[in-house]
Amino acid sequence: MRLLLVEDERALSDQVAERLRVEGYAVDIARDGQEALYMGGEFPIDAALVDLGLPKLSGIDVIRRWRAAGRTFPILILTARGRWQEKVEGLDTGADDYLVKPFQFEELLARLQALIRRSKGWATPFLECGPVALHTASQSVQVNGVPVELTAFEYKVLEYLMLHAGEVISKSELSDHIYEEESDRDSNVLEVLVARLRRKLDPDRVLQPIETLRGRGYRFNLEPSGRTLA
Amino acid sequence: MAAVTDSTLNRAGGLSLNTRLLIAASVVLAAFLGLTGLTLDGAFRESALVAVREQLKVQIYSLLAAAELDDSEKLAIPKRLPEVRLDTPGSGLYAQVNDAAGDVVWRSRSMLGLSLPFAAIYRTGEPAFHELENSEGSRFFAMGLGVVWEASPQKRSGYTFYVAESTEPFNALVGGFRRSLWAWLLGAALVLLGVQGFIWRWGLAPLRRVALEVAEIEAGRRHELSSAYPKELRLLTESLNTFLRNRSAHLERYRNALADLAHSLKTPLAVIRGAVEERERGEGFQETLQEQVERINKAVDYQLQRAAASGRTVFAVPVAVAPLVHKLRQSFAKVYAGKALRFDFSLDSRTVFHGDESDLLEVLGNLLDNACKWARREVALRVKVDGEQPGLVLEVEDDGPGIPENLYTLISQRGVRGDQTVAGHGIGLAVVREIVEQVYGGTLEFGRAERGGALVRVRL
Numbered sequence: 001m002r003l004l005l006v007e008d009e010r011a012l013s014d015q016v017a018e019r020l021r022v023e024g025y026a027v028d029i030a031r032d033g034q035e036a037l038y039m040g041g042e043f044p045i046d047a048a049l050v051d052l053g054l055p056k057l058s059g060i061d062v063i064r065r066w067r068a069a070g071r072t073f074p075i076l077i078l079t080a081r082g083r084w085q086e087k088v089e090g091l092d093t094g095a096d097d098y099l100v101k102p103f104q105f106e107e108l109l110a111r112l113q114a115l116i117r118r119s120k121g122w123a124t125p126f127l128e129c130g131p132v133a134l135h136t137a138s139q140s141v142q143v144n145g146v147p148v149e150l151t152a153f154e155y156k157v158l159e160y161l162m163l164h165a166g167e168v169i170s171k172s173e174l175s176d177h178i179y180e181e182e183s184d185r186d187s188n189v190l191e192v193l194v195a196r197l198r199r200k201l202d203p204d205r206v207l208q209p210i211e212t213l214r215g216r217g218y219r220f221n222l223e224p225s226g227r228t229l230a
Numbered sequence: 231m232a233a234v235t236d237s238t239l240n241r242a243g244g245l246s247l248n249t250r251l252l253i254a255a256s257v258v259l260a261a262f263l264g265l266t267g268l269t270l271d272g273a274f275r276e277s278a279l280v281a282v283r284e285q286l287k288v289q290i291y292s293l294l295a296a297a298e299l300d301d302s303e304k305l306a307i308p309k310r311l312p313e314v315r316l317d318t319p320g321s322g323l324y325a326q327v328n329d330a331a332g333d334v335v336w337r338s339r340s341m342l343g344l345s346l347p348f349a350a351i352y353r354t355g356e357p358a359f360h361e362l363e364n365s366e367g368s369r370f371f372a373m374g375l376g377v378v379w380e381a382s383p384q385k386r387s388g389y390t391f392y393v394a395e396s397t398e399p400f401n402a403l404v405g406g407f408r409r410s411l412w413a414w415l416l417g418a419a420l421v422l423l424g425v426q427g428f429i430w431r432w433g434l435a436p437l438r439r440v441a442l443e444v445a446e447i448e449a450g451r452r453h454e455l456s457s458a459y460p461k462e463l464r465l466l467t468e469s470l471n472t473f474l475r476n477r478s479a480h481l482e483r484y485r486n487a488l489a490d491l492a493h494s495l496k497t498p499l500a501v502i503r504g505a506v507e508e509r510e511r512g513e514g515f516q517e518t519l520q521e522q523v524e525r526i527n528k529a530v531d532y533q534l535q536r537a538a539a540s541g542r543t544v545f546a547v548p549v550a551v552a553p554l555v556h557k558l559r560q561s562f563a564k565v566y567a568g569k570a571l572r573f574d575f576s577l578d579s580r581t582v583f584h585g586d587e588s589d590l591l592e593v594l595g596n597l598l599d600n601a602c603k604w605a606r607r608e609v610a611l612r613v614k615v616d617g618e619q620p621g622l623v624l625e626v627e628d629d630g631p632g633i634p635e636n637l638y639t640l641i642s643q644r645g646v647r648g649d650q651t652v653a654g655h656g657i658g659l660a661v662v663r664e665i666v667e668q669v670y671g672g673t674l675e676f677g678r679a680e681r682g683g684a685l686v687r688v689r690l
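These protein sequences, in sequence, are chains A and B.
Read left to right, the first sequence gives residues 1 to 230 (our numbering).
Read left to right, the second sequence gives residues 231 to 690 (our numbering).
Mixed in with the good hints, there may be bad ones.
Here are some of the chain A residues that sit facing chain B, going by a computed Cβ distance under 7 Å [stated by the list, open to error]:
no., residue
1, Asp92
2, Asp96
3, Pro102
Calculated from the structure, these hints are not laboratory results.
The C-beta atom is built at its ideal place from N, Cα and C for all residues, glycine as well.
With the hints as constraints, model all of the structure from the sequences given.
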């Protein structure tokens, strides 16, 4: 999952970004409103964390302009002022949830995961497709009830594919949502990751969960359960 | 409120009230008395002129009556005339008779050494009046009357009778009247202006007193305006007083919040310092730190939100409640999307709140947030108008487990600081209590909802 963190306080943004990366997210950081407006408009992000007190352009204005431009990714507001007027204004403008500073990282993570899940149409933190079950909070994966050990990158790929189960995901889309803007990308690495995932999830080659569509990308082919219409 | 000097006031607001009233009254008085004076003057002159004509007419007819034909059938006027002034030279009243040829037949003795350029022959019947001026520049009112004398039916002769009077007495009379008229009018104007001035001073005294009292408030010698003002000003002075009271209450709240904040920050800071010093020996350093940070956070939140409350506003437009409730509903639907709650909100769309919008949002936001947190499926909000009073009644309900009765008093207790609030309710209720009770003088009650959960009733 790829996130945009909009926060002008360097110490806080670095700290939060670092912990989010440990949790397996790709994180781009915008340090003022103008930068945020550009990155949110151009990058294929899955969710944005927006501090309301920003230099150049206020967080509220950034959100309003994103929404006016048709950007639909979920937005979590981070605010220092705990007054309801500000929270309601942010939510009314187009944000989806709020968090008052100082927050606990676990709280931030839980809200974020819920927002992303809901935005993809999943109602519960358990993503289940046939015998494959993925728990977003603990980032654990089970096949037929047996835990499967995945690396952080393997988990990222699987989570994205399962969230979009049944959809064709191109390689570039997949790498866009897994890597940050400045990182080196290699589509061969992606192929290796997918191959390893197939081996780990389906050692006997009976499930065939990930299908390769030549020249188009990948598709997670197991029928999801517990998914609601977005 | 910066002190504004008189000169800037004059520049900004134009002339002073006193000057305005003085100019207006002077113009009105001058116009009124001036027109009155001119009218009276004209009327007097006219009636004096009528009197002069009447007099001349009387003279001409009495002269006619005195005249008779002598034996040679010539017109003769007796030596002694009833009017003495005709016999006295230079008396100012003159008479002359011309015959049909225009030659002078008779002159009164008063005309001695004087010649008057009487006009030609006059028509018989009505005497004609006119003014004339002789060669020396003196002016006269003159009257002439043509008559035909019939000695016998065959013998008729025409004459013209003239009477003239100097204009001097007339001018003196009119001039005298004019002088005393204008003297009186001027006197009346001065008296009226004086009386007006007194009335303004008396009428505007309350305004001057307001200005004086405001100056005293600025100087710190007074806290609010006195209440004894005429009813036209009372709305202004009472609003000003409410405003001043709000301001000082606001300041007081800031001061209290700062003092409380300092107090509630010092304790956790002391604990942290102690923990740092005992770090080598002590266990659970991290837990202590986390606990105290949380405590500091709550204290900052609570005190700042308490101080941010604005209170009832004096000059502000009442706030429409329905749009705010709509926004809150949308917001909570988003934030609690995972719970899929049903919102049962009821209010009259015309309901207004006489206070600050963000205070109302703060109260409703906190109460609804708690309700959503505890609710299983349903949250209800009812906004009602409090009978005849301008206040509002807000009722927030949920279908959760409810608040245990033994906690009602604890939650409602005054002086419970933000870091001592009931677990699970955060500082929200403490902030609500502060705004409702301290800032708006309202009430906060807890109970059990029909749905089974908590019911919170707020009167604002």
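Verification of the hints:
no. : hint   : in the structure
1   : Asp92  : holds, 5 Å
2   : Asp96  : holds, 5 Å
3   : Pro102 : holds, 6 Å
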